Structures are given as C-alpha cells and as structure tokens.
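Residue numbers (the numbering used here), protein chains in the order written: chain V, 36 to 275; chain H, 36 to 275.
These aren't lab readings, by the way, just hints derived from the structure by calculation.
A hint or two may mislead.
Which copy is meant is left open, because identical chains are indistinguishable; a pair holds if it fits in one copy or across any two.
Unchecked claim - List of simulated lysine-lysine pairs, BS3-like, C-alpha gap at most 30 Å:
#1 LYS242 with LYS59
#2 LYS242 with LYS91
#3 LYS134 with LYS91
#4 LYS105 with LYS134
#5 LYS156 with LYS265
#6 LYS159 with LYS134
#7 LYS111 with LYS268
Since this is a predicted model, take the numbers as computed values, not measurements.
There are 2 protein chains.
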Amino acid sequence: MTAHALVYGGAGALGRALVGQFRKSQWVVTSIDFTPNVDATHNVILDISTASDLEKSGLDVEKKVLDVWKGADAPKLDTVVNAAGGWAGGNLADEAIYKNVATMLGQSVNSSVIAARLAGKHLKEGGLVTLVGAAAALDGTPGMIAYGLAKASTHHLVKSLAGSGSGLPTGAKAVAILPVTLDTPMNRKFMPDADHSSWTPLDAVAKRVYGWAAGEETPDNGGLYVVTTKGGKTTFENKA
Amino acid sequence: MTAHALVYGGAGALGRALVGQFRKSQWVVTSIDFTPNVDATHNVILDISTASDLEKSGLDVEKKVLDVWKGADAPKLDTVVNAAGGWAGGNLADEAIYKNVATMLGQSVNSSVIAARLAGKHLKEGGLVTLVGAAAALDGTPGMIAYGLAKASTHHLVKSLAGSGSGLPTGAKAVAILPVTLDTPMNRKFMPDADHSSWTPLDAVAKRVYGWAAGEETPDNGGLYVVTTKGGKTTFENKA
Numbered sequence: 036m037t038a039h040a041l042v043y044g045g046a047g048a049l050g051r052a053l054v055g056q057f058r059k060s061q062w063v064v065t066s067i068d069f070t071p072n073v074d075a076t077h078n079v080i081l082d083i084s085t086a087s088d089l090e091k092s093g094l095d096v097e098k099k100v101l102d103v104w105k106g107a108d109a110p111k112l113d114t115v116v117n118a119a120g121g122w123a124g125g126n127l128a129d130e131a132i133y134k135n136v137a138t139m140l141g142q143s144v145n146s147s148v149i150a151a152r153l154a155g156k157h158l159k160e161g162g163l164v165t166l167v168g169a170a171a172a173l174d175g176t177p178g179m180i181a182y183g184l185a186k187a188s189t190h191h192l193v194k195s196l197a198g199s200g201s202g203l204p205t206g207a208k209a210v211a212i213l214p215v216t217l218d219t220p221m222n223r224k225f226m227p228d229a230d231h232s233s234w235t236p237l238d239a240v241a242k243r244v245y246g247w248a249a250g251e252e253t254p255d256n257g258g259l260y261v262v263t264t265k266g267g268k269t270t271f272e273n274k275a
Numbered sequence: 036m037t038a039h040a041l042v043y044g045g046a047g048a049l050g051r052a053l054v055g056q057f058r059k060s061q062w063v064v065t066s067i068d069f070t071p072n073v074d075a076t077h078n079v080i081l082d083i084s085t086a087s088d089l090e091k092s093g094l095d096v097e098k099k100v101l102d103v104w105k106g107a108d109a110p111k112l113d114t115v116v117n118a119a120g121g122w123a124g125g126n127l128a129d130e131a132i133y134k135n136v137a138t139m140l141g142q143s144v145n146s147s148v149i150a151a152r153l154a155g156k157h158l159k160e161g162g163l164v165t166l167v168g169a170a171a172a173l174d175g176t177p178g179m180i181a182y183g184l185a186k187a188s189t190h191h192l193v194k195s196l197a198g199s200g201s202g203l204p205t206g207a208k209a210v211a212i213l214p215v216t217l218d219t220p221m222n223r224k225f226m227p228d229a230d231h232s233s234w235t236p237l238d239a240v241a242k243r244v245y246g247w248a249a250g251e252e253t254p255d256n257g258g259l260y261v262v263t264t265k266g267g268k269t270t271f272e273n274k275a
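Extracted from the complex, chain V is given alone in its bound form (with noise of 0.2 Å):
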C-alpha cells in the first residue's frame, strides 16, 4: 500500500517544498491550507473566517480529511508534519502585542494542535509527527515574545505527544525541527541584507523530515532537532 503523508500547512514555503518531497518519492499527500496546493494527492481547505477559533476549525478540518479521503475507508497516515507558522517580533512596547501573540499561538500552536489531533485519530502504529518549532525559543527571547512563547508552547507539545499516553499510537513518535533561519522567499523579502548563506534551504529540511518518515533516519521520540546551516551544509542536533 502506498505510504501517505499529510501536511498541514502544504501551501506554504515550507509545506511545498515537503509536499514536493514526498511526491517525488510517490507517497499520497494530503494538504490542508486556506489554499490547495496542486501537487498534493488530496487538499483540504480551511475556511478562512472561523480560522482564529481553533474548536470551530479543528472540527472542520476533522470533518473535511474524512470528506477528501471518501469517508469509511479512512486512510492510515504513516506521518504528519505541521509545516503552518509565522513570525513576529516586538517586546512589551510593542503596540502590536496582543495582536501577535493571538497571531503566533494561532499559527504555531493551534496548527499543531490539530495536526497532532489528526495524528491521534488517523495516523499508523510507528508513525511520525514532526511540528516546527525555533531555535530561539529553546532560551527567552525578550525582543520577540509572541513568537517565543508560541514556539516554546509547540516544544512543550511535542514533549507531551511523545510521553506515554498521549494519545498518539503504539510505537508513534513525535518530533519538533527548530531551525534558525529558514531560507523563504519571505525571509529574503525582509532580510535582503542578511548572509543567506547561513540560512536552511527548505529542500534540506524537507529531506530530513522525508528521511524520518520513511524510516530511512531515525529520530529521537520527543527530540527537537536545531537545525544548523554553515557553509551550504545543514545538520540537525537533538537539543531536548
């Protein structure tokens, strides 16, 4: 039976360099994002306007898998990845504040609240879920407190999901990449200064995620994996 990978998130950077990755390796994909992306298997749209209510979208989304995968015959994931987050930076004086901690928690940890959601209910004995977190939030980071305290939110359920108990499958493990700089082409609008050549290609990470999900590397139950780029070369260190 074909392998099947659903990727949240799979219209964005990120989530189209997976998706890309898995489909060239000719696995089913399942996106969810407000747009579908063309490459996918299936795609399942989330509806913009109940988007900021994670209990309205995360039933909807529930809903609309079983919709694309015909119901009854239900497939079992053999991974989930939630490729969905954002940025944004401001301390305390920042006006903004709330509106971008409403903004992260949105992107980052109800994201992954439903992908692993989903994981729980539909993903194989021994699968993987991979979330996205940073490297920054592994210590505080006063100039950018929305994204940090997101980020570190998404670390500490990836420590839940891979404790006994949680919910995930037998044998399922669950891990967070945390990289520093990933090279997007939103990151190269705003930082068109910046020395890319330290920043991680999203084909490196989309990679390594293929690799773990297809049982070719193994990751560490729980590990949140900095991901490290230096001279064109990029590694990942489990850092939990």
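Given chain V's structure and the hints, the job is docking chain H onto it.
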C-alpha cells in the same frame, strides 16, 4: 509613598489570598478580575464579552486601569502578579481538546501577557512580576496536553521578561511560581480524597510573593520556583 500591588485575577482563590496579604501590609492593591474583590483598593472589572479576544481585552484593561487610577497621575507599581489560571486534563483523544487548549491559553497565557504588558507600562524600576506556571509542565504532560502547553508558554514568557530588552523597567525582575497542587476550594471539590497535606496553602504562596515584592527576600530573575508542600512545610526551589 504607599507601595502598590496589581493582582490580575484578584478575585479568584489565589488572587484573594494575595490581595489579602498585600492589604494586611497596608499596600494599595489594584485587583483585575471579572468580579470585584471588596478587599482591594481599586477594582478593574473585565468585560466577559471580549474575554476570548486578547487584543480587545488587553486594550480594555489598559484603559480601565488608568480610569481607576484617575488617569494623569497613574501610579508606578511595585509589583504585578498574575493569579489567573485554570486546569484541564485530557490527551489527544479528548473530544474537548480544542476547547481546552483555547481555554488554557486564554486563562494562563493571555492573562500573563496582559499582566506583563501592564508591568511594562506601570512597574517601577526594580519592581517584580510574578506569574503562575506549573511544576508538571517542566516535563511533557501527555495526560493534560492543553494545560501543559499553556503553562510551558507561561514559563517561556518569564524567561523572555527576565532577558535584556524585554520592555520591563531597569532592574525589574520576572519570576514564576510552579505549584504542584494548590489547596483551593475547587481542588478540594474535585479531589476530595487526595492527600491534602501535600497541597500548598494559598497563604504560603501569598506570603512568599509578598516577601519577594517587599524586598524581604530576593528571587532570581527568570526563576521558575517549584512549590512543594510536605508535612505542612512549603518550600520554593528555582528549577529554571
């Protein structure tokens, strides 16, 4: 000049203990909650209709504190404590997981962000911010996923506030107390048969927070103080 404490969640069980402790020592106390605390000097009443919207409720609170303080002469606070919080159990299989995540983030993270923002605006140099975390959230919490991720996020906020450039005034400190179980009426109701001698009396927490705020004892900036009670004796140990 009389010392001034702001207690967010000042009408809850822990909040009442804190307000009582500060008032007993003749401090001015501003309580912020959905209901007034008659023992407080000033009461800011939260708007229940916007409670789930961090931006609306944050801006509403910012305006209302100036109103109760009569605007122009807004006092400089000696300490800010967030006593708001809640608890929810449940793993991925819990049908209420989405609702619980939203509730926990609202009760713990949103309240802490508003308290921190008020501290950024009104705390004195060298003042203290105290938030409430959870000892359990220092590790994964697979059986109470929503609670753990919200408390871990609160711990991270403390680390950020303690860092340089967070927007707290010069010399200010931020700490969290991380209870195991507080001896509240709610916990007595739901766990009537538990060993109450290992629960922490609210007064023990209130006295410690008062001692820190009054300068009788000096907490570590960024400290995550696990609160343990054994045989009637309560200890506070920084596990950051």
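Now for the hints, and whether the structure bears them out:
Only within a single protomer do LYS242 and LYS59 lie at most 30 Å apart by alpha-carbon distance; the minimum there is 11 Å, versus 62 Å between protomers. In this assembly of identical chains, the alpha carbons of LYS242 and LYS91 never lie at most 30 Å apart, being 33 Å within a copy and 42 Å across copies at closest. Taking identical chains as interchangeable, the C-alpha atoms of LYS134 and LYS91 lie at most 30 Å apart whether they share a chain (20 Å) or sit on different chains (9 Å). With identical chains, the CA atoms of LYS105 and LYS134 are at most 30 Å apart between copies only, with a shortest distance of 27 Å across copies and 38 Å within one.
In this homomeric assembly, LYS156 and LYS265 never come within 30 Å of each other (Cα to Cα): the closest approach is 39 Å inside a single copy and 41 Å across copies. For the homomeric pair LYS159 and LYS134, the shortest alpha-carbon distance between copies (26 Å) is at most 30 Å, but the shortest distance inside one copy (37 Å) is not. Neither within a single protomer nor between protomers do LYS111 and LYS268 lie at most 30 Å apart by alpha-carbon distance, with minima of 34 Å and 51 Å respectively.
The structure does not agree with the numbered hints 2, 5, 7 stated previously, though it agrees with the rest.
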